[in-house]
Amino acid sequence: DHPMRDAILAAQPQNPTAVIEQLLGPVPAQKAHFYQKHMAQHMIPGIPRDWVPGVVNLFLIRHPARVAASFSAKYDNP
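Numbered by the numbering used here, the letters in the sequence shown go through residues 1302 to 1379 in order.
There's no promise every hint is true.
Calculated cross-link-like contacts (lysine to aspartate or glutamate; reagent style EDC-like; alpha-carbon spacing at most 20 Å) [to be verified]:
id: 1; residue 1: Lys1375; residue 2: Asp1307
id: 2; residue 1: Lys1338; residue 2: Asp1307
id: 3; residue 1: Lys1338; residue 2: Asp1351
id: 4; residue 1: Lys1338; residue 2: Glu1322
id: 5; residue 1: Lys1338; residue 2: Asp1302
id: 6; residue 1: Lys1375; residue 2: Asp1302
id: 7; residue 1: Lys1332; residue 2: Glu1322
Rather than coming from a laboratory, the hints here were simulated on the basis of the structure.
With the hints as constraints, model all of the structure from the sequences given.
Shown next, in the form of structure tokens:
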């Protein structure tokens, strides 16, 4: 369990269709880019993925030690 799970879920829309429409909609505040963070563990079964090819994807590769440090800072017993 993520320690901030409840707060994160409470702050976000819960309807998958509404979320997908927002992700594919106009770039907020007329910005040049719309950063979206999609993590493999969040792509749960039953949520459509047919929208993914409609966006430009890029992979952010992080140093493994920094990923581990970030993870362990959020979890008491990873």
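Each hint, compared with the structure:
For the hint pairing Lys1375 with Asp1307, the CA-to-CA distance comes to about 14 Å; that is within 20 Å, so the pair holds. Between Lys1338 and Asp1307, the direct Cα distance comes to roughly 18 Å. Compliance with the 20 Å bound is thereby established for this hinted pair. Between Lys1338 and Asp1351 the CA atoms are separated by roughly 17 Å; this keeps the pair inside 20 Å, and the hint holds. Distance restraint check for Lys1338 and Glu1322: the Cα-Cα separation of roughly 16 Å lies within the 20 Å cut-off, and the hinted pair is therefore satisfied.
The hinted pair formed by Lys1338 and Asp1302 meets the criterion: a straight-line CA distance of about 19 Å does not exceed 20 Å. Restraint check for Lys1375 and Asp1302: satisfied, since their Cα atoms lie roughly 10 Å apart, inside the 20 Å limit. At most 20 Å may separate the alpha-carbon atoms for a hinted pair to count; Lys1332 and Glu1322 meet this at roughly 18 Å.
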